[in-house]
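Visitor: Position chain B against the provided structure of chain A, taking the given hints into account.
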Amino acid sequence: GAVVSQHPSWVICKSGTSVKIECRSLDFQATTMFWYRQFPKQSLMLMATSNEGSKATYEQGVEKDKFLINHASLTLSTLTVTSAHPEDSSFYICSANPRQGAVAEAFFGQGTRLTVV
Amino acid sequence: SQQGEEDPQALSIQEGENATMNCSYKTSINNLQWYRQNSGRGLVHLILIRSNEREKHSGRLRVTLDTSKKSSSLLITASRAADTASYFCAVYGNNRLAFGKGNQVVVIP
Chain A
1 GAVVSQHPSW
11 VICKSGTSVK
21 IECRSLDFQA
31 TTMFWYRQFP
41 KQSLMLMATS
51 NEGSKATYEQ
61 GVEKDKFLIN
71 HASLTLSTLT
81 VTSAHPEDSS
91 FYICSANPRQ
101 GAVAEAFFGQ
111 GTRLTVV
Chain B
1001 SQQGEEDPQA
1011 LSIQEGENAT
1021 MNCSYKTSIN
1031 NLQWYRQNSG
1041 RGLVHLILIR
1051 SNEREKHSGR
1061 LRVTLDTSKK
1071 SSSLLITASR
1081 AADTASYFCA
1091 VYGNNRLAFG
1101 KGNQVVVIP
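Chains A and B are the protein sequences, given in the same order. Be aware that the first sequence starts at 1, since it is given in this note's numbering, and climbs by one per residue. Be aware that the second sequence starts at 1001, since it is given in this note's numbering, and climbs by one per residue.
Please note: incorrect hints may appear among the correct ones.
DSS-like cross-link-like pairs, simulated, lysine-lysine; straight-line CA separation at most 25 angstroms [what the hints assert, rightly or not]:
1) B:K1056 to B:K1069
2) B:K1070 to B:K1101
3) A:K64 to A:K20
4) B:K1026 to A:K41
5) B:K1101 to B:K1069
6) A:K41 to B:K1101
These aren't lab readings, by the way, just hints derived from the structure by calculation. Keep in mind it's a predicted model, so treat the numbers as computed, not measured.
Only chain A is shown next, with the shape it has when bound in the complex:
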């Protein structure tokens, strides 16, 4: 199957600093990638759709200036949590599909555990 790599797998940062998370499709090109946030024992919440070469599409309630998304190439999307606060602590996961369209299984990165202290 397709491989999506996410880095780092965990990060601890101080309040007020920014953290960048990378999501790479290793063996396919992805014009679209997705960023999710997951709280403990809860489901995945879609934060935004990352579009290669254009602006990301954010879900309602997600601050685009807080969660900066850049999809500069067909294999890399980044999520930057700016001016992080303890409430931003969460598990962030990205996904991508090798095939576009409705019949498309998603491939996920390993996830990034962010802890803001």
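Guide: Chain B in isolation, oriented as in the chain A frame:
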């Protein structure tokens, strides 16, 4: 919006037993997918069933889909300790997947 919703159950079963999880959704779908997540990890795709399919098998997994009731079930037969994980259903719509709440399954050796 479309959203898969599992019955919010935490299952604890003995190794060798079967585990069944259910999922319901609200709108029309093109397909329904099941994913597995080990603690602190990303999701792994298990099986996809199209809206015109009623049942699908993959190894020890059996998925059913009832579009009239807007529901699906995932059966894991002859469970193993390694099946311990959270299982999510997801429905595809508006170019994205919407995930249900998830079922935590613990298989006791």
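Visitor: Output the numbers, in ascending order, of every earlier hint that fails for this structure.
Guide: none
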